[in-house]
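Protein chains: 2
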Amino acid sequence: MNQLKNDTFLRALMRQPTDYTPVWMMRQAGRYLPEYRESRKNAGSFLQLCKSPDFATEVTLQPLDRYPLLDASILFSDILTVPDAMGLGLYFAEGEGPKFERTLCEETDIRKLTVPDMASLQYVFDAVSQIRNALDGRVPLIGFSGSPWTLATYMVEGKGGTDFLTIKKMAYARPDLLHRILDITAQAVTAYLNAQIAAGAQAVMIFDSWGGALAHHAYREFSLQYMEKIVAGLTRENEGRIVPRIVFTKGGGLWLEAQAGIGADALGLDWTVDIGEARKRVGDRVALQGNLDPAVLLSTPEAIEKEVAGILASYGHGHGHVFNLGHGITQWTPPANAEAMLAAVRTHSSQYHA
Amino acid sequence: MNQLKNDTFLRALMRQPTDYTPVWMMRQAGRYLPEYRESRKNAGSFLQLCKSPDFATEVTLQPLDRYPLLDASILFSDILTVPDAMGLGLYFAEGEGPKFERTLCEETDIRKLTVPDMASLQYVFDAVSQIRNALDGRVPLIGFSGSPWTLATYMVEGKGGTDFLTIKKMAYARPDLLHRILDITAQAVTAYLNAQIAAGAQAVMIFDSWGGALAHHAYREFSLQYMEKIVAGLTRENEGRIVPRIVFTKGGGLWLEAQAGIGADALGLDWTVDIGEARKRVGDRVALQGNLDPAVLLSTPEAIEKEVAGILASYGHGHGHVFNLGHGITQWTPPANAEAMLAAVRTHSSQYHA
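Chains as they are written, first to last, in our numbering: chain A, 71 to 424; chain S, 71 to 424.
Quick caveat, the hints were computed from the structure, so don't treat them as lab data.
Wrong hints could be hidden among the right ones.
Stated by the list, open to error - Result set (DSSO-like, lysine-lysine): computed pairs, CA atoms no more than 30 Å apart in a straight line:
#	chain 1	residue 1	chain 2	residue 2
1	S	Lys239	A	Lys376
2	S	Lys121	A	Lys350
3	S	Lys320	A	Lys350
Chain A with its partners taken away, still in its complex shape (with noise of 0.2 Å):
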C-alpha cells in the first residue's frame, strides 16, 4: 500500500510523541462546504453519496482539498449503513433525520434478526479502497460505525434523537428482547469495522451518538458492554501497523473512567467536559480526542483561537491529544471559521510537544 506521509494522528492516538496536536473535524465531508453541496446536488440525494464508491470518495477528500491543515480523513458514509442491511429501510424523509421504513418492536421480530451477509456492504468496503488510493497516503482514514446502543435506538424508534421512551421501555421491561438486538449488532458491528480494516481503514471509531440517554448503569449494560465487544474483535495490526481504536459517546462525560477500560486507544469528549480534568480521569490509559463546541465556528476568528487555545492549554504539555470537535461540524459554519481553527491547532500546539 501507499506509504503514509503524515502519521501524527495515528501517533497520537498511540499516545506517542509527535510535533504539534493533530486535527480533523466530525463531519468535516458535510453541507457548509459548497464543494459538498454540489457533489449532493449531483449525486441526487444523502443517501446516493454515501452507496456509490465515486461520489463517497469525491467528498471524502473535499475538505482535505481545502484545507492542508488537516491530520485526517474519515470514510464518508452513514451509521445505519448496517441497520439498512439488516434490512430495515433506511430513507431520509426531506428536511427530517433519517428514518426506518420497519422497527424492531415486536419479539418475533427480533427473534427473527440476524446479522447482515457483508456483500451487501461492499459499497462500503469499496469506497474504503477507493479513498485510500485516492489519498496516495497523504493523511490516515479513519474508518467508522455507530454503536449497537445507538444503532437499536434507530431500530427500535424508527428514528433518532427523540426521548427513547420505547427503547428504554423495553431496557426496563424486556432487557432479554434489548441484548437480543444489542448482541446480533454488535456482532454486525465487529464484521462490519474489520471488513472497513481489511479494506484499508488505518483507524476506526464507533460513535455512540445516544449514549448519553441512558442512566449511568444501564449505559454500562446496554452501551459501554457491547462496545467492548466489538474491540476486543477487531483486528489489531493491519499493514504492519496498529489499527487504534477511537470510541466516543456523546453526552458520556461522567462515565470516562469505564470507557477507559475496554480496550480502546482513544476516548472523543464532547465540549461539556474540560479536557484536562478528563485527562487527570483517565491517567495514560487512553489518548482524548475533542472537544470544541461546534458552535464556537459560528464566531468570530478571534474567539476560535482563543478556545482553541484554552482546549490546548487544558490538556497540557505532552501528547495522546487528538483535536476536534466535540460534535460533528455545523452546516451554519463558515468554510474561513473552520481554517481558523485549523490554523490556531496547528499556531499554539507546538508548544506543548517541545
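Position chain S against the provided structure of chain A, taking the given hints into account.
Positioned in the frame of chain A, the structure of chain S alone reads:
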C-alpha cells in the same frame, strides 16, 4: 398560616433527620393523570390552566389527592411566565413545545429589555396563596422559576430544545449582549421567586433545563453565575422557617462540585449520575434530589421497585436525600406505576434512616 403536618421534605432539604426519604415527582400534575386531562379540557388550554388561580389550584392538588405518599406539592405553572411578562408573547402551538412570537436577536431590542413589573405576574402569586390555603398544611408547597440561561434560550431562539446555535453564537461572538439578557432576567427571577415566597412558597427550585448544552466554562459564565446571583438575593426565612433552595441543571452532572458552592441547599440530579458518587463529590454541602429515569415508570412494578431500591441503596445511610425523577414524568406513565414508585420509596427507605 396553616400548620404544616408533614415537613419531611423541608427537613431533608436542610439535611436534617427524617424517618424515611421524602418523595415528589417533577411535573406530578400532568397529562398522565386523567383528572388533569379533564381539567385541561375544561380550562381550554395549558396556558389557561397556568393563568387561572382556580385551575392552577385544582390541578396542583390532584396528585396529592390521588397519592397520599407524596411529600411535597409544586405550584402548577410554566417556566416561561417571566419572558412572557417581558412582552415576548408566549404561545403553545398544538403538538409542539412553547414558542415566542418575538425573539431577542437585535441589539436594539436587547438594550430595551427591562425587568417586568411583578404586577403582571400577580396571577402566579395569587395561585400560590390559593394553593397554600387549599393544602391546609398537608405538605409544603414548592415555588419555581427557570434559570436565566434556560429562559434566555427561549427568548433568543424562540423555542426550546434545539441545538442552541443562535444563542451560542451570541455567547461567543457578542457575550456582552447575552450577559445583558441574563442580568435582566436574573433580576426578574429573583423578584419573581421572592414574590412567590411572600405569597407562601415554602421552598423554591430553579430549573436549568438547558444548562447541560453548554461547554464546561460557558456553563459557569452563562448559567451558574446567574443562578448564584439569584440565590444570593432570595428571602431566606418566611413564616419563621428557612425557605430551602433547590438548583437543578439537567445534564449538569459533571459540574456538581461547582453547583454545590453557589448557596443552594439542594441539587437536583438527572439519571445519568450515580447518586452515591454524587454524594461523595458534594459532601455535606448540599442535599440531593433525584434521580430515577422517568422512562422506568413505563415498565413494570417489579422493575420500578428494583430501580428505586438501587437508588436508595446507592445514596445509602443518612439524611439529605429527596427522592424524585430525574426529569418530568412522561404523559405515557400509567398512574399505577407512579404509585408503585412512591410505595417502593417508602418501603425501602426507612432502613437508611434508622
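Structure-based check of all given hints:
no.: 1; hint: Lys239/S <-> Lys376/A; verdict: 15 Å, holds
no.: 2; hint: Lys121/S <-> Lys350/A; verdict: 50 Å, violated
no.: 3; hint: Lys320/S <-> Lys350/A; verdict: 25 Å, holds
Checked against the numbered hints listed earlier, the structure breaks hint 2 alone; every other hint is satisfied.
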